[in-house]
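Residue numbers (this note's numbering), protein chains in the order written: chain L, 1 to 227; chain X, 1 to 227.
Worth flagging that the hints you see were computed from the coordinates, not collected in a lab. Each hint can be trusted.
Treat identical chains as interchangeable: a pair holds within one or across any two.
The calculated lysine to aspartate or glutamate pairs, modelled on DMTMM-like cross-linking and capped at a C-alpha distance of 25 Å, are:
id, residue 1, residue 2
1, Lys65, Asp76
2, Lys65, Asp53
3, Lys14, Glu24
4, Lys13, Asp53
Protein chains: 2
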Amino acid sequence: MPLHLLREIDNLKKEILTLGSMAEQAVQRATAAIETCDGRLAQEVIENDVTLDEMEVQIEEDCLKTLALHQPVAVDLRFIVAVLKINGDLERVGDLAVNVAERAVFLAAQPSVDVVFDFQTMAEKAQGMLRRSLDSLVNLNAEQARGVILSDDEIDAMNRRVYQIVQEAIHIHPDHAESLLHMLSAARHLERIADHATNIAEDVIYMIEGVIVRHKAEDYLLQRLHA
Amino acid sequence: MPLHLLREIDNLKKEILTLGSMAEQAVQRATAAIETCDGRLAQEVIENDVTLDEMEVQIEEDCLKTLALHQPVAVDLRFIVAVLKINGDLERVGDLAVNVAERAVFLAAQPSVDVVFDFQTMAEKAQGMLRRSLDSLVNLNAEQARGVILSDDEIDAMNRRVYQIVQEAIHIHPDHAESLLHMLSAARHLERIADHATNIAEDVIYMIEGVIVRHKAEDYLLQRLHA
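All chains should be modelled from the sequences, with the hints used to inform the complete structure.
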């Protein structure tokens with residue numbers, strides 16, 4: 001690989017990992033704000049989102065510059081296209097952290113309502129998936145990425161149970177409906193954060209193996225994981 | 001532009017517009033299924049999603065092939081990167097149409113509950129934004145794309161009102177909570193479809209003008225629209 005291209009690719013990797021850490025931290029702080037009813041922490045997450053947005057624009061411009069100037073092929077081309085896509089996913093994760101933080105701002109201002117489902121476990125699962133998807137990118141580890149994709153079903157199942165639980169709680173306490181709907185909404189944002197972690201894992205596999213795993217049957221993934 | 005590249009770009013344009021029509025039709029049928037309580041139509045939308053998924057994979061592969069073989073620069077490079085991103089958005093629109101259809105399957109099997117908000121207007125607005133974003137791509141019309149971006153606030157406001165209305169309806173009829181939550185969910189999927197139309201419009205502007213408009217203040221957009 002020409003030295004210039006090597007340097008550019010290295011720079012893109014650093015940038016996307018920086019954005020990844022920023023997104024991870026935003027999610028971690030937004031869920032902590034929900035758990036501790038901390039409106040001020042939530043407000044900080046909301047205000048800080050502009051730095052993630054700027055970083056995303058910067059990364060996209062750098063990808064385009066690298067494509068135009070160095071005209072990479074094969075694995076380098078796949079890497080840059082993967083960075084372009086992961087960049088979009090991380091920016092959306094930042095937006096979802098803001099959505100969670102907005103719920104925290106609302107909930108912090110309300111008389112406290114019993115948390116009717118295990119928000120913390122769901123938050124930890126979503127954060128864990130995001131972290132592992134980024135680790136799989138750092139380590140170029142396709143097995144780790146496959147593990148993330150398989151975790152997505154667990155969080156989808158949790159989200160469905162939350163629906164059921166919230167619905168029953170509203171039935172018993174219709175006067176808590178507003179706060180419960182905000183909790184439900186926060187849970188759905190976590191589920192979407194996990195979706196983006198799954199997208200990132202798919203792009204990592206694509207980058208490493210040149211295989212598009214989106215929409216592939218789980219059987220195939222399980223087969224590969226246990227091969 | 002070399003003839004081969006011209007042909008490839010033309011092919012990509014045709015493919016992305018085909019996927020756009022497929023996504024548009026999926027949304028139109030899924031919302032019709034909600035409005036007419038047609039579980040069978042909803043089931044068709046769900047089953048048909050695999051064809052959108054296949055098309056998305058095909059388009060991504062074709063983009064990569066074109067980048068690798070023809071090493072395009074300037075406006076051609078921007079076009080291909082925009083297609084890559086719009087491709088992802090359209091696939092997600094298809095998934096959201098499936099989510100709406102799943103709600104329709106559920107609601108069709110329930111004793112009918114009064115629709116407490118104007119789902120049809122919201123659906124028409126989201127579909128209109130999607131159609132106009134695709135038109136702006138066909139016509140390479142940045143003004144039209146800017147109009148789509150400005151419409152996004154209206155649908156966000158509608159979604160917030162729906163929240164309020166559903167919450168009040170649950171308060172009055174806690175026994176309708178389940179159906180009302182499904183309606184709320186369908187409304188949020190429409191709001192996300194509108195978000196993807198906004199993303200597409202932003203990519204069209206980027207493609208035409210080489211300016212990243214994401215995260216830009218609305219004032220700027222309004223200024224350009226009335227310039």
